[in-house]
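Engineer: Take the given structure of chain A and dock chain B to it, following the hints.
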Amino acid sequence: MAASKRAEVVTRLREVEPRRFVVYAVFLLIFVFFAATLHDDGFLSHTNLLNIVRQTTPITVMAVAVVFVLSAGEIDLSLGAVVALSALVTADVMQSHSAVLAIAAGLGVGIGVGVVNGLFVTALVLPSFLVTLASMGIVTGVARSITDLQAVAVVNQRFVDIFGSGNLGPIPGLAFWALGAVVLGHFVFRYRRFGAHVVAVGDSARAARAAGIRVDRVRLAVFVLSGASAALAAILYTGRLQGASYTLGEQDLLTVIAAVVIGGTRLFGGEGSVIGALVGSLLMGMLTNGLILWGLTSSEQLIAQGVLLLLAISLTLRGRRGR
Amino acid sequence: MPLVRVEHLRKEFGAVVAVDGMTLDADGGEVVALVGDNGAGKSTVVNCLAGVYPPTSGRILLDGATVQFPHPLEARRQGIEAVFQDLALADLQPVYMNMFLGRELVRGPLRRLDRETMSAETQRLLDDLDVRIDSPRKTIRDLSGGQRQAVAIARAVHWAQRLVLMDEPTASLGVAETQRVEELIRRLRDRGTAILLISHSLDQVFGLADRICVLRRGKQVGIRTAAQTTGEEIVAMITGLV
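From first to last, the protein sequence lines stand for chains A and B. Here the first sequence is numbered in the working numbering, starting from 1 and rising by one per residue. Here the second sequence is numbered in the working numbering, starting from 1 and rising by one per residue.
Bound-form chain B, shown alone:
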């Protein structure tokens, strides 16, 4: 039984069909890449899985049970976390507050914010993932692009029980920072989480993914095992020049 299964997923926006019947499995410890040209429907799939939009039809199954996400909170409660393209970080807040945003720890009868514990747990998590940030009390705006990306990924890692969705996690990064983030994704996979990766970089896709799902104009063109396909084949599938 796959950890996550998407079955005949379809999403319409008015007359536009953004995703037209997609079926995909992902297991723990597996990286599945979702590729396709602009407007192929990749982000729509991510948004459906993150509970941002409800699918028009089709099902999402977790460990074989059908689930519905009326609100992003419900997706998160079911162990699905997303790293959005814009990262969704609050820039003026410290790293540890971003890590615990919406799920802050409190203590005592007055339910005071437990900043010490949140900060210490953040430090432990960052150490765990080998993310180098001086202090969890630094504000996001004082971090580099790669560090911000690492914070967003670390947050998803911390809370995700089942699946992490990553929408272009290295699009805005330099070479060295991209390598660090890719390393982070590998470590995350080794911890047994399923990862759905959206990326424009085929090098990255081949470097990280176990399987590759190709979308074209909302339609699923096919799924290939990364080890048994080539860049040429994937490009042909993306562009429709098969």
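In isolation and in its complexed conformation, chain A is listed as follows:
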């Protein structure tokens, strides 16, 4: 019995793929590097570390959903555009109505765009890359026109406390939103049938269909999830910044996808990791933070980020194609 148990452990260890852990190694490496070089600039300070968590929360929330989207073999380019529109709608509705109604409206925008994306992809059998490229344009345009490029302020203190700057003891409330999204996402992805079906659809839609999985329902669901996550991210931005503007989420699409892919999710479907996406998201946030502390200008930051991203992808994804 003991021998067979040991054999089982050995086979399981052999199945562990080293590249799955590269993201953790890269994370630690960069963390130690910043800790050593930026010690005097307060990188390791309590406030700074919590700031990284606070700033990455919307990215983390979206990254969790994008793990499902990419694992299912789809992509959602409208993510960042939905952030802007959802945020503006939330802030705008809150000016004349209750916060609850505003939140519902904001989430409704995200879910609505997700449903439309999903229906075009499933009912008309179109590639999600093109469908969401188009919806990204439409949503961005609507976001810019409804407020005439004006920012909208939010004064509801309770809303700001819950979704933004509030704390629970010493821990920022935003950390709980990120944690909640990750725990729920990881559970559904790894331990529920839905997660298994998402991965199967992305791996081989043909095999999934032959096995009786309702492939189109799964696809529709990941787009709704994606839209809803962008809306939640928008609400969290609106809470933290106490207002919304059409520029929110502009840079987020690529950051989110980078975080997810570095975290071990396959860009072409069939494999994913929510925990990896969390670490990827924190890694991206830490990079920005460290580079700012280093005193790099925003243009220099972009260059450094690109180089590091290339490095990280080379380490995590090398040799995976064609397998």
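Among these hints, one or two may not hold up.
[Stated by the list, open to error] One side only, chain B facing chain A, incomplete, derived with CB under 7 Å:
no. : residue
1   : Val67
2   : Leu73
3   : Ala88
4   : Leu89
5   : Leu92
6   : Gln93
7   : Leu101
8   : Gly102
9   : Glu104
10  : Gly108
11  : Arg112
Simulated from the structure, these hints should not be mistaken for lab results. The beta carbon of each residue, even a glycine, is placed where N, CA and C say it ideally should be.
Structural biologist: Only chain B this time, still in chain A's reference frame:
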């Protein structure tokens, strides 16, 4: 009463008649081969029985009762499983997930996937069928062609109550692997399942089948008992040079 009966099965795709009136019985513990040239309509018959397409006319009877399959799930619910030519496996997933794809086991109030039980049951099934795979947790892409074929067949065996459809189960395999798969088909037959086998290899057909049904351009040319016919006769029936 035959376990499975196909009666006057006809399938049209627009103006093309893929299968034109086929009638065939299969009993438990029997291997019936379906042979014919390319485009003879063999795969169409398999797809009708698996619930992939509805027949244009004709009936399918299970234990004497007429059934209809509006969706592949319904065929599976009635105990019919198919091993398709492309195997329909998800390559990046472990063997046990493929075995339970779409019918995953869950446990507890949170309905968590029961990976341990699925893995253990897969191991038992593979042992049962004498399929050699290191671990049910291996991913499909790490298996050989023969092992993949064995997984697809084992899955069909596990779920099929009545009939297993096999479309060219050894087309892509080497000699040794083909022998193992043929051995697997024999063991499956001995368990009392009806098997409908499509194969291009007449050697294989004569080695495995009890009866042989020949199709030519969608029409049923005839059914022969394997022990009472010859390769020459079957070839003549396939090519129409009778």
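Engineer: Taking the hints in turn, state whether each one holds.
Structural biologist: Verification of the hints:
1. Val67: violated, 17 Å
2. Leu73: Since chain A brings a Cβ to about 4 Å from Leu73 (chain B), closer than 7 Å, the hint holds.
3. Ala88: holds, 4 Å
4. Leu89: holds, 6 Å
5. Leu92: holds, 4 Å
6. Gln93: Because about 6 Å separates Gln93 (chain B) from the closest Cβ in chain A, which is inside the 7 Å limit, the hint holds.
7. Leu101: Holds: closest Cβ of chain A sits about 4 Å from Leu101 (chain B), inside 7 Å.
8. Gly102: holds, 4 Å
9. Glu104: Hint on Glu104 (chain B): holds, closest Cβ of chain A at ~5 Å, below 7 Å.
10. Gly108: violated, 10 Å
11. Arg112: The hint holds - Arg112 (chain B) has a Cβ within 7 Å of chain A, the shortest such distance being about 5 Å.
Hint violations for this structure: numbers 1 and 10, all remaining hints satisfied.
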